[in-house]
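Peer 1: Since the structure of chain E is already known, use the hints to place chains D, G and V on it.
Protein chains in written order, with numbering that gives the first Met the number 0: chain E, 0 to 343; chain D, 0 to 343; chain G, 0 to 343; chain V, 0 to 343.
Don't take every hint at face value.
Claimed, not checked - Pairs of lysine-lysine, BS3-like flavour, derived with a Cα cap of 27 Å:
| id | chain 1 | residue 1 | chain 2 | residue 2 |
| --- | --- | --- | --- | --- |
| 1 | D | K183 | D | K222 |
| 2 | G | K183 | D | K222 |
| 3 | V | K223 | E | K222 |
Unchecked claim - Derived list of chain D stretches under chain G, where covered just means 3 residues or more per stretch with a C-beta under 8 Å from a C-beta of chain G:
| id | stretch |
| --- | --- |
| 4 | 16-27 |
| 5 | 129-137 |
| 6 | 213-227 |
Unchecked claim - Not close to chain G: a few residues of chain E, all C-beta gaps over 12 Å, as computed:
| id | residue |
| --- | --- |
| 7 | Y42 |
| 8 | R49 |
| 9 | I52 |
| 10 | E90 |
| 11 | K100 |
| 12 | A113 |
| 13 | E130 |
| 14 | K160 |
| 15 | R163 |
| 16 | E164 |
| 17 | K183 |
| 18 | N316 |
| 19 | D339 |
Just so you know, the hints here were simulated from the structure itself, not pulled from any lab data. All C-beta atoms in this analysis are idealised placements derived from N, C-alpha and C, irrespective of residue type, glycine included.
Residues per chain, in single letters:
4 protein chains.
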Amino acid sequence: MIRFENDYTEGAHERILQRLWDTNYEQTPGYGTDEHCEKARAYIRKACDREDIDVHFLVGGTQTNMTVIASILRPYQGAVSATTGHIAVHETGAIEATGHKVLTLPSDDGKIRAEQVRELYDAHWNDATHEHIVQPGLVYISHPTENGTTYTKAELEALSKVCRECGLPLFMDGARLGYGLAAKGNDLSLADIARLCDVFYIGGTKVGALFGEAVVITNDALKKDFRYMIKQRGGLLAKGRLLGIQFETLFENGLYGELSRHAVEMAMMIREAFVQKGFSLRYDSTTNQQFPILPDEVLTELGKTYSFSFWEKIDDNHSAVRFCTSWATKKENVEKLIEDIRAL
Amino acid sequence: MIRFENDYTEGAHERILQRLWDTNYEQTPGYGTDEHCEKARAYIRKACDREDIDVHFLVGGTQTNMTVIASILRPYQGAVSATTGHIAVHETGAIEATGHKVLTLPSDDGKIRAEQVRELYDAHWNDATHEHIVQPGLVYISHPTENGTTYTKAELEALSKVCRECGLPLFMDGARLGYGLAAKGNDLSLADIARLCDVFYIGGTKVGALFGEAVVITNDALKKDFRYMIKQRGGLLAKGRLLGIQFETLFENGLYGELSRHAVEMAMMIREAFVQKGFSLRYDSTTNQQFPILPDEVLTELGKTYSFSFWEKIDDNHSAVRFCTSWATKKENVEKLIEDIRAL
Amino acid sequence: MIRFENDYTEGAHERILQRLWDTNYEQTPGYGTDEHCEKARAYIRKACDREDIDVHFLVGGTQTNMTVIASILRPYQGAVSATTGHIAVHETGAIEATGHKVLTLPSDDGKIRAEQVRELYDAHWNDATHEHIVQPGLVYISHPTENGTTYTKAELEALSKVCRECGLPLFMDGARLGYGLAAKGNDLSLADIARLCDVFYIGGTKVGALFGEAVVITNDALKKDFRYMIKQRGGLLAKGRLLGIQFETLFENGLYGELSRHAVEMAMMIREAFVQKGFSLRYDSTTNQQFPILPDEVLTELGKTYSFSFWEKIDDNHSAVRFCTSWATKKENVEKLIEDIRAL
Amino acid sequence: MIRFENDYTEGAHERILQRLWDTNYEQTPGYGTDEHCEKARAYIRKACDREDIDVHFLVGGTQTNMTVIASILRPYQGAVSATTGHIAVHETGAIEATGHKVLTLPSDDGKIRAEQVRELYDAHWNDATHEHIVQPGLVYISHPTENGTTYTKAELEALSKVCRECGLPLFMDGARLGYGLAAKGNDLSLADIARLCDVFYIGGTKVGALFGEAVVITNDALKKDFRYMIKQRGGLLAKGRLLGIQFETLFENGLYGELSRHAVEMAMMIREAFVQKGFSLRYDSTTNQQFPILPDEVLTELGKTYSFSFWEKIDDNHSAVRFCTSWATKKENVEKLIEDIRAL
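Just chain E, same shape as in the assembly:
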């Protein structure tokens, strides 16, 4: 079985494992105060072209989302998100468990638009009984989205502008950020993201690391005491150096970008094969997740050799499914898949 079902099926890039070996007997202080974490922070600041940002390392995405969001909101505020946002649907109510509602905006492609945020904001404050309603307190976006789509620079600038006008911090879930930066046609740099978002994270788990998410806080008002939040939510890794070592490796020589580009290239080959064969795509994804709409017999046929994820039923005989590539995807496996698609 060749697996395209998600982007966390393998371990980590070998350079990371090698670095873990090499540093194994170093004795370092705990909780992210070691030199590897410091170096990784320096590399990330450089990649963001900003010295005045705080960088923290957490273990996983849900943990990061709940920690960041709980650190920003007042008790009666909620996080604005697309209906499809990870925090809205796939985190077992982790945000609600911190006391906050997720305020959803309809979205077909996973993105939300500046106008939607403005409308929600205005609707709230124009309501005569607004104190009976959860107040919007921040805007959460994922980039790339859960559907593989990405924001353009113009879109992100518009969102950022509205958010700042409304006093709503903009938080980008970058669990797959590398794949967004490597997307075909992407015009957003890390520096742009750091400029336009108040806080975001650079996903490691799905982009070459064993685990780890690097939270970047650019808004001074959100920096204070964030380590208390990490500790309270169970995210302050005792051997914090493990996170430092991984991000150090990913960012010292451009490995993060390299791995991301590979995954996107593989995904584009798969996309092309499906399109050429005449299948349509559920979303116009330019990143490492592809969502072809396939008839049942094709699903059965491909399912003999490949694992992929069911996404949604389209009609009686068709479903959208997800093929995921990653930093670890082998080109030979993609080529075999393409051959099999052509042979359908």
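Peer 2: For chains D, G and V alone, kept in the frame of chain E given last:
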């Protein structure tokens, strides 16, 4: 600087790193449903001499404590703990953040006694207005304690008996469990612990792993839906296999016990050296943490070569400090320390 | 200005005020343990034709909803509700503040149907990764709904059946329960409701009392320790007798039904007047809230003499508004309104 | 049985009941936006000699404590309180249910001292791993305390000074504030309290009202969006006017002070009788709660005619008990009690 300041200063035992290399390109499903996790569970069941237990893998101690405790308590219940318990003092209110009070019992050595639990329980239910008071809902103990002390089998049996009489699940924080099992004079086996506790965990972070805690649930009533709890609290590692691989390695051939015994042996040598030199000990610890009471000039002298932790001021010229060994402690370093103690 | 904007604009029925006078210097124990509360409980048990129910008195609706829901759900569970449910939109995230998501089902009239609950339940448990998703834990309905509509006995029986099949307690928010019982065509008795719901409440605030909601718990599994929950959520009134006295008055001689019938009769007269004048209604309400769709000029005209609530914009020139009657509505005011409608 | 067991055994002062009658058919908007609330606010501002304060009305003490505290603290902060503080012992973990730890300071008389706060604050910030520990976020005091004692102006000024130096808002629970203002030897005015505290409340429930607590926020930084907090925590009374009417009545002509003085006078008579008879007092209370230490045979004897509360066992034959007076205490009952004490 030779570090004795804690038991998480190094990476992991080499067999674990090797196993990570060897399995790196295996493609496995996520979230702890892979074969490595299954194998690790089987080994742990065997070590506990019980087939009917649930085993889950989480990343760190605070995360584990808050997840287990929040899964057990009703909203108006609290966790009974020694005043010195980790959940009471060193987790930034993680338990309170899940909505629950920590009900503390006085303790000088870090342990609580069966009679204390019974008294607290009776006091609660004998109070005419008990619904105005947080109801005791479970008993939390650490073994070894934060002070290096351990429960004897008789003590744990007494605690367990009272807990069952009172309907209070007994939860053992085993972040350093290996060192307790390896303690001089220990008469508790893993099977005893599984029999006497309703839920406990086997710490990996401090005993040879990069990270990881194996939660063992023995009480059927506490098993249901625990994976939802892990996910909600941010503890469901995407590449769950990393936890499986580590515990598989630690438990397939007795490595866990071996590493633990080494650390305790090193600690006992240090203890002996201090005692022979005439220093007293703050706690009668038989495990990997030792707490000598030392005059200021000795602290200054030893501090030139060794790092260790300040524990508490004893009088104007003396402080208790903590020397910590671990699976990674080098015998040569211990011998050098002993020599330096003798030479004081 | 004659107010039809809501059903809590006046104080309380005079018999209640009189009873407060008469009992003012009685010395009673606090927190709902007095004889008035006991009597009120007895009357309510009789009205429900059930001796084996627990009755508790709380102060207001949001407080009651959050207390009941938090007492039932496990941490990873959510409350299923219509999108229009009070807990979903008008309680400032009170449910989320207790850690729980509100899982919404689409509804145009404010009601949810048995099939919707079954579908949600099946969808959850059929999802391979269901532990990543909030688990449905109870079903919340309001009766009458926020739109003035009511459940028929057949509908409530169907809902109750599905809920029991799925192990989901059914919770009825009866903030306006009296008006539902008095609705034209209503075929549900209090005994039916007690039989079909696991917990519900009988609203006093909007039906003749100064304040107060009587929670009835019929499901034995939900009864334990409920007073702890009330206290913890701030709902255990020191002078609990005030609640007892009010419900005693409302239930000893049928006053509750009498007041409810009056309000519904007044509402039906208003409805009839709008319909006869050719206006349509946003919802087919048979209770004390009526939602005519009116052109802007009519709104302006009526707004000179009457206060009512804006509900929603229908098109460029029409809006739905809400006219609310209550136990305190004066017939002469309704007649004047009807006259003015006719004269439009 | 003549009851001295607490200060909420009767209803309300007759002027309040009369006012409820008189205003019963007024039609007012809900949720505290009516004219009675506005008038009550104006009276309270005048009593505090400050125009720039926000005044909100809530129903009860636990509700008020949890709402105020949750509105102030960041998620990782705790409320500093005496070990005997109401929030620490008698609110079923209501504060913890909002996610916050209560950080207790030892106290024998119910008061905490400025130096204790300073020490706790310094200890926190001097700890190298302070992010592992709950950060002090506000200071909670009760005045009078649960033991009937009161702060002098000098003590409150010292506390306030330290709190401001440490950036810790000072919150006074004034559930019995009237009795403190009326205490023998009291040198604190409402204006002093408004000047020295960041937020406090004026208790109505125990001082002549049916229920109700008036929260006064003097610190601008704590004013924003407080109504959202009240609504979310279930404290926004639909018929908010009931609170306005009560505080209007209590404050328009000095009734609050008058009732308070009566209760304290009655308490002082009881105190004097016990002292003259040679009994000692558990606390030096100058307010409406008195705590004589009595031998068992006296308890039995007095218990035949009077109800009072058990406080604590002092030795094998003696217990401290609580006699409570209130605005409603009848002088003839006090005189009878005194006679019976003398006759012992």
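Peer 1: Look at each hint and say if it fits the structure.
Peer 2: Each hint, compared with the structure:
{"no.": "1", "hint": "K183(D) / K222(D)", "result": "33 Å, violated"}
{"no.": "2", "hint": "K183(G) / K222(D)", "result": "49 Å, violated"}
{"no.": "3", "hint": "K223(V) / K222(E)", "result": "21 Å, holds"}
{"no.": "4", "hint": "16-27", "result": "violated (count 0)"}
{"no.": "5", "hint": "129-137", "result": "holds (count 3)"}
{"no.": "6", "hint": "213-227", "result": "holds (count 3)"}
{"no.": "7", "hint": "Y42", "result": "32 Å, holds"}
{"no.": "8", "hint": "R49", "result": "34 Å, holds"}
{"no.": "9", "hint": "I52", "result": "30 Å, holds"}
{"no.": "10", "hint": "E90", "result": "7 Å, violated"}
{"no.": "11", "hint": "K100", "result": "4 Å, violated"}
{"no.": "12", "hint": "A113", "result": "23 Å, holds"}
{"no.": "13", "hint": "E130", "result": "7 Å, violated"}
{"no.": "14", "hint": "K160", "result": "27 Å, holds"}
{"no.": "15", "hint": "R163", "result": "24 Å, holds"}
{"no.": "16", "hint": "E164", "result": "24 Å, holds"}
{"no.": "17", "hint": "K183", "result": "29 Å, holds"}
{"no.": "18", "hint": "N316", "result": "20 Å, holds"}
{"no.": "19", "hint": "D339", "result": "24 Å, holds"}
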